[in-house]
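Novice: Line by line, the protein sequences give chains H, X, V and U. Heads up: the first sequence begins at 3 in this note's numbering, then just goes up one per residue. Heads up: the second sequence begins at 3 in this note's numbering, then just goes up one per residue. Heads up: the third sequence begins at 3 in this note's numbering, then just goes up one per residue. Heads up: the fourth sequence begins at 3 in this note's numbering, then just goes up one per residue.
Calculated from the structure, these hints are not laboratory results. Remember, predicted model here, so these are calculated numbers, not experimental data. Be aware that one or more of the hints could be misleading.
Pairs involving identical chains hold if they fit within one copy or between any two copies, as the list cannot separate such chains.
Claimed, not checked - Derived lysine-lysine pairs resembling DSSO-like cross-links, with alpha carbons at most 27 Å apart: (1) K198 / K220; (2) K81 / K23; (3) K130 / K198; (4) K143 / K81; (5) K130 / K219.
4 protein chains.
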Amino acid sequence: MGFSLRPFHLFSCYDMSIIPKETAEQLAQLIRAWNAKGFSPATSTNYSFRVGADRLAISKSGRDKSQFSAQDFMLVDLKGRALPPFEGERSSAETLLHTVLYEENEAINVVVHTHSIYGTLLSDYYLKQGNLRLSQYELLKALPQFDSHEVDFELPIFPNTQDIEQLSEDFRQLYLAQPTTIAYLIAGHGLYTWGKSIAEAKRHLEALEFLLEVHYKKLLLAPH
Amino acid sequence: MGFSLRPFHLFSCYDMSIIPKETAEQLAQLIRAWNAKGFSPATSTNYSFRVGADRLAISKSGRDKSQFSAQDFMLVDLKGRALPPFEGERSSAETLLHTVLYEENEAINVVVHTHSIYGTLLSDYYLKQGNLRLSQYELLKALPQFDSHEVDFELPIFPNTQDIEQLSEDFRQLYLAQPTTIAYLIAGHGLYTWGKSIAEAKRHLEALEFLLEVHYKKLLLAPH
Amino acid sequence: MGFSLRPFHLFSCYDMSIIPKETAEQLAQLIRAWNAKGFSPATSTNYSFRVGADRLAISKSGRDKSQFSAQDFMLVDLKGRALPPFEGERSSAETLLHTVLYEENEAINVVVHTHSIYGTLLSDYYLKQGNLRLSQYELLKALPQFDSHEVDFELPIFPNTQDIEQLSEDFRQLYLAQPTTIAYLIAGHGLYTWGKSIAEAKRHLEALEFLLEVHYKKLLLAPH
Amino acid sequence: MGFSLRPFHLFSCYDMSIIPKETAEQLAQLIRAWNAKGFSPATSTNYSFRVGADRLAISKSGRDKSQFSAQDFMLVDLKGRALPPFEGERSSAETLLHTVLYEENEAINVVVHTHSIYGTLLSDYYLKQGNLRLSQYELLKALPQFDSHEVDFELPIFPNTQDIEQLSEDFRQLYLAQPTTIAYLIAGHGLYTWGKSIAEAKRHLEALEFLLEVHYKKLLLAPH
Numbered sequence: 003m004g005f006s007l008r009p010f011h012l013f014s015c016y017d018m019s020i021i022p023k024e025t026a027e028q029l030a031q032l033i034r035a036w037n038a039k040g041f042s043p044a045t046s047t048n049y050s051f052r053v054g055a056d057r058l059a060i061s062k063s064g065r066d067k068s069q070f071s072a073q074d075f076m077l078v079d080l081k082g083r084a085l086p087p088f089e090g091e092r093s094s095a096e097t098l099l100h101t102v103l104y105e106e107n108e109a110i111n112v113v114v115h116t117h118s119i120y121g122t123l124l125s126d127y128y129l130k131q132g133n134l135r136l137s138q139y140e141l142l143k144a145l146p147q148f149d150s151h152e153v154d155f156e157l158p159i160f161p162n163t164q165d166i167e168q169l170s171e172d173f174r175q176l177y178l179a180q181p182t183t184i185a186y187l188i189a190g191h192g193l194y195t196w197g198k199s200i201a202e203a204k205r206h207l208e209a210l211e212f213l214l215e216v217h218y219k220k221l222l223l224a225p226h
Numbered sequence: 003m004g005f006s007l008r009p010f011h012l013f014s015c016y017d018m019s020i021i022p023k024e025t026a027e028q029l030a031q032l033i034r035a036w037n038a039k040g041f042s043p044a045t046s047t048n049y050s051f052r053v054g055a056d057r058l059a060i061s062k063s064g065r066d067k068s069q070f071s072a073q074d075f076m077l078v079d080l081k082g083r084a085l086p087p088f089e090g091e092r093s094s095a096e097t098l099l100h101t102v103l104y105e106e107n108e109a110i111n112v113v114v115h116t117h118s119i120y121g122t123l124l125s126d127y128y129l130k131q132g133n134l135r136l137s138q139y140e141l142l143k144a145l146p147q148f149d150s151h152e153v154d155f156e157l158p159i160f161p162n163t164q165d166i167e168q169l170s171e172d173f174r175q176l177y178l179a180q181p182t183t184i185a186y187l188i189a190g191h192g193l194y195t196w197g198k199s200i201a202e203a204k205r206h207l208e209a210l211e212f213l214l215e216v217h218y219k220k221l222l223l224a225p226h
Numbered sequence: 003m004g005f006s007l008r009p010f011h012l013f014s015c016y017d018m019s020i021i022p023k024e025t026a027e028q029l030a031q032l033i034r035a036w037n038a039k040g041f042s043p044a045t046s047t048n049y050s051f052r053v054g055a056d057r058l059a060i061s062k063s064g065r066d067k068s069q070f071s072a073q074d075f076m077l078v079d080l081k082g083r084a085l086p087p088f089e090g091e092r093s094s095a096e097t098l099l100h101t102v103l104y105e106e107n108e109a110i111n112v113v114v115h116t117h118s119i120y121g122t123l124l125s126d127y128y129l130k131q132g133n134l135r136l137s138q139y140e141l142l143k144a145l146p147q148f149d150s151h152e153v154d155f156e157l158p159i160f161p162n163t164q165d166i167e168q169l170s171e172d173f174r175q176l177y178l179a180q181p182t183t184i185a186y187l188i189a190g191h192g193l194y195t196w197g198k199s200i201a202e203a204k205r206h207l208e209a210l211e212f213l214l215e216v217h218y219k220k221l222l223l224a225p226h
Numbered sequence: 003m004g005f006s007l008r009p010f011h012l013f014s015c016y017d018m019s020i021i022p023k024e025t026a027e028q029l030a031q032l033i034r035a036w037n038a039k040g041f042s043p044a045t046s047t048n049y050s051f052r053v054g055a056d057r058l059a060i061s062k063s064g065r066d067k068s069q070f071s072a073q074d075f076m077l078v079d080l081k082g083r084a085l086p087p088f089e090g091e092r093s094s095a096e097t098l099l100h101t102v103l104y105e106e107n108e109a110i111n112v113v114v115h116t117h118s119i120y121g122t123l124l125s126d127y128y129l130k131q132g133n134l135r136l137s138q139y140e141l142l143k144a145l146p147q148f149d150s151h152e153v154d155f156e157l158p159i160f161p162n163t164q165d166i167e168q169l170s171e172d173f174r175q176l177y178l179a180q181p182t183t184i185a186y187l188i189a190g191h192g193l194y195t196w197g198k199s200i201a202e203a204k205r206h207l208e209a210l211e212f213l214l215e216v217h218y219k220k221l222l223l224a225p226h
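Required output: the full structure, derived from the provided sequences and hints.
Specialist: Here you go:
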């Protein structure tokens, strides 16, 4: 019952070649539920959680998220290199967008990525502006830095690229400059967000996907 | 089978420190179903039912509604104070928006709150006007004061605030002046509605959420 | 497996006070599935099937369609009067909109009614015009009178009213004049359609609800 | 676990009058899941997979896809003629749109067809233009010819017709001229796509349906 809030780095006393089963199954169940909501068409998106100070479990490349299971995670180090016993396997092409977060903030234990209709659309629509501004929504309180709806939240947008190494470095610069960042968009591609626990990453993901849909539908209304 | 219509205050002969299990499970099941429809993203929304003349069961603070269970309710009195055996626990931050209804109308047994896309959008869009007008819809007959579609229904809208005590008093004034009120919106935040039974509160919630979606989609059509 | 196509009037050799269980359960299952798609908010909509030349099973008044079961049907005659053993019970307020169809066409065995977002919207939008025109859609071939998409289909729209007896007579006149009619809208209220079997009524309902959604979404596009 | 990627022509050593059960059940499960997403209203759409060099299993005519099972496939040859033991049965009216693909490309093992809201709408909207252009979307990488989002993808659109033989020949000419084609639209009707395996056809279908919805919703936004 309930999504795990336990600090993942406590696992560091365990055998490091083993992916914690309960956590992997909990996240896999959410990945299937998010797929059913349309957040991961085709074989898009990727997900990870911290297994130790120097390693994470991340989704393998090209998996269909409608039937994602705990066996679809593999271990990599903070450079994105496959760790035993997964040497022969390939992790998500966007692995470095995960590792940069675990490297830069040891409090981060879960990183999630969606590829939704509204994330795809709005990241493209506001690319030139460089961010999407959200304010006055009660649901902004689901984000950790806010305890009121009377705030201005800016969701950064990066241009899409196939050079993931460069993108991860660009993101690192932004994150070092603005360490309270809890999410960003990649244009025509989707949303990245993270948290201290599965529960927190889920809360960020759901709040942001909801606000993206609200924002899009608000754009369609004529002013009055 | 069927949602309970029995008068909740009849429970008053029971041990008052016990939350009626069957009712709690019935409402918890609906809370999960409404979550699946997108009515409670992140950990938003809250729900309650009357347990006696001076007490109610209300959802605990910060629960994920996708897996809400009967154990996620706690007992509070009409001032919103935790009752034994729940002294150490925290009820929803919006508890006073529930208690004011049980205080002012002893026929009310269930209070529900949604945080939907259309409730969020339209409560913001019509805030200056102070209400949202709906008329000529057959589904208005699902509301207790109407037996025809040829009516004008006004759904009051309050500005959002983090001062829940003030908001509950503002609502109390409105309710005392207009005791047939069966629902209201909070801007950028969502819908509150209630009823004599779970079945009635569900009917109000579903009718209003449907009409909010219809109203939004009608706004997008050009006049012709 | 498969929805029943057997002629319902063959049941006439059975005990007429009994509602055929298998058919009732098949239709009840569909009613729950349509509810999950949003076609019957609150306690709206009603459904019936022929049990004999002079009687039908119809949904009882005020039932929640999310948990509709075979026990939620009752027997009425072609004037809409409750038949034994259901004398004390009340059938849907719109019973006469069903009986008129069974009276006028002995080939009709199932009548269904939805209360969808797009049916509510478009029946209101085109009320003055008196009908909604659909053409060039492949899915029009799901309707019995067409074997091509190159047709013009007109879905009649009646103004909403609480005088169901008058509405049923108005519909009777239309049906006698245009006996190939297979569906109509009531403004701000929803869709009625029917068929020789559950399978046929389901095909009409799904085709028309789909085309209503397509038509609405087409209206939002600028010409180009 | 996972959708089959094994080359279907390896089945050619088996008894050719038998439809491979595991493959039929896997595809049937997907057909039901796509129906639940609204991709096959009424009894629309059809699906097939290669059983041997000269034969395929294809959905029987008029089946309801909400309860499609492995028994709803039948064997036909590359001219679309029913093979034993299915001589008395009728395959989908659009069988020749499937056979042309198996004839022209022996690497194709699965052909799927959806009839979605956005496929219906956009195929009609862009008919005069003859195709729908998609570019700069990350999800274009789910299509086999692309390894970047920086591409222009053109989805061909054919006018709708009831002359399926002619349409299959028109498509054959296009396919011979442009053998990298992996999908096309028929106006007011829907999408055809295919692949070497169920997994690949599913990836194409989901990526294209997602991009159709994104494209439609982008058309509604005012330029800024």
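Novice: Within a copy, between copies, both or neither: where do K130 and K198 come within 27 Å Cα-Cα?
Specialist: neither (31 Å within a copy, 39 Å between copies)
Novice: When Cα atoms must be at most 27 Å apart, do K198 and K220 count as within-copy, between-copy, both, or neither?
Specialist: neither (31 Å within a copy, 35 Å between copies)
Novice: Quick one: K143 to K81, C-alpha cut-off 27 Å, is that within a copy, between copies, both, or neither?
Specialist: between (34 Å within a copy, 24 Å between copies)
Novice: When no copy is named, should K130 and K219 be tagged within, between, both, or neither for a Cα gap of at most 27 Å?
Specialist: both (20 Å within a copy, 19 Å between copies)
Novice: Give the relationship of K81 and K23 under a CA distance limit of 27 Å: within one copy only, between copies only, both, or neither.
Specialist: within (23 Å within a copy, 44 Å between copies)
The structure fails to meet hints 1 and 3 from the earlier list, while all remaining hints are met.
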